[in-house]
Amino acid sequence: MRFNFSSIKYHTITYLQDNLNLAVILSLVLFYFYNNITGDIETALKVVIVAGIVTRTVKHYAFWGIITLILLVSNSPDWYSIDNHIYLMIYWSFALTLTFYSSSPKTVLNNTASLLIGFCFLFATFWKMITPEYMNGTFFQYLLIGGDARFDSFALFLTNIDVDMINQNKNTFSYIKGMEYRGELETLHIPQSTVLLSTLLTWWTLLLEGLIAISFLVNKTSAIAKFKHYLLFIFILTTYPVAPVITFGLLLVCMGVASTKSNNILCFYITAAVLLIIIYVIGLN
Amino acid sequence: MSNKIHWIPPLILIFVFIHQFYLVQTHNLTQWKGGGFGMFSTVDKQTERVLRIYLVKNGNLIPAVFPFSVNTTEAKLKTKILPAESNIRILHSKVSLNNWYCIKADSISINADEKTCLFADSITPKLDKELNRNDNLLHVDSIKYSIESVRIKKESNLVTMDTISSLTLSVSDI
Chain A
1 MRFNFSSIKY HTITYLQDNL NLAVILSLVL FYFYNNITGD IETALKVVIV AGIVTRTVKH
61 YAFWGIITLI LLVSNSPDWY SIDNHIYLMI YWSFALTLTF YSSSPKTVLN NTASLLIGFC
121 FLFATFWKMI TPEYMNGTFF QYLLIGGDAR FDSFALFLTN IDVDMINQNK NTFSYIKGME
181 YRGELETLHI PQSTVLLSTL LTWWTLLLEG LIAISFLVNK TSAIAKFKHY LLFIFILTTY
241 PVAPVITFGL LLVCMGVAST KSNNILCFYI TAAVLLIIIY VIGLN
Chain B
1 MSNKIHWIPP LILIFVFIHQ FYLVQTHNLT QWKGGGFGMF STVDKQTERV LRIYLVKNGN
61 LIPAVFPFSV NTTEAKLKTK ILPAESNIRI LHSKVSLNNW YCIKADSISI NADEKTCLFA
121 DSITPKLDKE LNRNDNLLHV DSIKYSIESV RIKKESNLVT MDTISSLTLS VSDI
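Going down the list, the protein sequences come from chains A and B. Under our numbering, think of the first position of the first sequence as 1, with each following residue one higher. Under our numbering, think of the first position of the second sequence as 1, with each following residue one higher.
Hints in this document: simulated from the structure, not taken from any laboratory. Beta carbons: idealized from backbone N, C-alpha and C, even for Gly. Each hint should be verified, as a subset may be incorrect.
[Unchecked claim] Taking CB as the label site, the calculated pair distances span: (1) B:LYS153 <-> A:VAL47: 20 to 26 angstroms; (2) A:SER193 <-> B:ASN58: 51 to 57 angstroms; (3) B:THR47 <-> A:ALA62: 50 to 56 angstroms; (4) B:SER172 <-> A:VAL47: 57 to 63 angstroms; (5) A:THR57 <-> B:SER172: 42 to 48 angstroms; (6) B:LEU11 <-> A:LYS226: 43 to 49 angstroms; (7) B:LEU11 <-> A:TYR175: 41 to 47 angstroms.
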């Protein structure tokens with residue numbers, strides 16, 4: 001038996017050029033490897049996914065309906081404790097259920113994906129805008145001075161804060177959260193360069209997230225909508241190397257893929273997915 | 001209906017956001033949680049919240065070490081995220097089952113010059129006896145739950161803890 005590799009290559013490329021097929025494949029990777037559930041329920045989810053691939057039913061609404069049900073049941077006891085991307089995963093698997101239930105799957109998935117991205121970023125922007133602590137730069141200052149270990153290297157590289165200052169601030173945060181604390185005010189080490197960087201990050205994030213929300217929610221023929229995938233791509237590339245929430249990143253890639261028909265943009269998203277997985281696996285941050 | 005089917009998941013997302021917004025405004029749910037996409041907008045996330053408990057005896061408040069167990073840890077996390085009265089009552093139903101004994105704080109490496117109370121582990125009565133815990137048992141009237149959050153004062157580079165919710169419940173109130 002001889003394999004015709006050029007034929008396989010042709011069929012593979014043709015298959016992946018279809019954004020619906022690519023969205024399904026990336027979603028399967030996401031749900032199989034990065035599902036954020038554990039134990040028997042995770043095993044059940046993986047069995048369903050493998051069964052779907054073997055029986056070629058991954059484009060059937062019942063397949064995605066079962067996955068939605070598994071995610072919903074496994075996460076419902078901790079509904080207020082789970083992270084935001086778990087909600088988005090559940091919406092996404094439900095969106096795929098409705099997509100394959102409908103008579104025009106590509107249109108349905110394209111529209112749902114755009115709306116989910118748009119509203120997700122709209123609400124993220126809304127919360128930032130109504131929170132004084134965010135708007136006056138305090139939040140990013142907190143991240144840069146030792147409040148979040150994921151930002152330590154970033155702050156050390158871009159500001160004149162040093163390891164001692166970060167450690168002292170971490171000790172202060174630990175102290176005020178401990179049993180010995182009796183309500184006194186404690187001093188933090190906040191160099192001026194972290195103030196400047198936090199102001200820049202505050203407005204950069206707000207502007208970028210706001211533009212993504214608008215570009216995905218406005219009419220597709222409007223000027224800003226033409227840049228929506230580039231804006232989302234910039235967001236993924238500038239956010240997840242620092243805060244590598246792989247599930248959120250891959251979800252945005254899946255939804256981005258579903259909302260475009262351009263082969264060039266599909267290549268962008270595949271590149272982003274590969275980069276996200278590399279960043280996650282090697283722990284770049 | 002079929003041409004509007006794509007609106008169903010986004011409408012659920014909007015509904016969850018409205019519910020989350022309501023809980024943040026009325027029950028101090030942390031913005032980071034609840035599905036409203038408020039993460040990375042405030043310092044006030046669950047890891048920056050502290051749940052302190054105080055034993056109340058004859059009107060005096062005595063700080064106590066939070067009792068550690070699988071049941072209380074899960075209830076504590078849920079209360080920190082959403083310090084609604086219903087969650088505090090669920091936590092109280094588990095915490096108030098403990099016996100308490102009090103010792104000098106510095107004897108357990110807490111340098112506060114006050115008395116601190118620990119929970120007496122009801123599953124090890126033999127150990128309780130060996131440590132003379134029973135001699136120091138405190139019969140409390142009620143327990144005060146205080147949920148506090150880190151607050152950074154930008155103008156002065158100072159940081160403190162603000163109380164965002166507190167509730168005192170009688171030990172018989174379970």
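Evaluation of the provided hints:
no.: 1; hint: B:LYS153 <-> A:VAL47: 20 to 26 angstroms; in the structure: 53 angstroms, violated
no.: 2; hint: A:SER193 <-> B:ASN58: 51 to 57 angstroms; in the structure: 53 angstroms, holds
no.: 3; hint: B:THR47 <-> A:ALA62: 50 to 56 angstroms; in the structure: 40 angstroms, violated
no.: 4; hint: B:SER172 <-> A:VAL47: 57 to 63 angstroms; in the structure: 49 angstroms, violated
no.: 5; hint: A:THR57 <-> B:SER172: 42 to 48 angstroms; in the structure: 57 angstroms, violated
no.: 6; hint: B:LEU11 <-> A:LYS226: 43 to 49 angstroms; in the structure: 27 angstroms, violated
no.: 7; hint: B:LEU11 <-> A:TYR175: 41 to 47 angstroms; in the structure: 46 angstroms, holds
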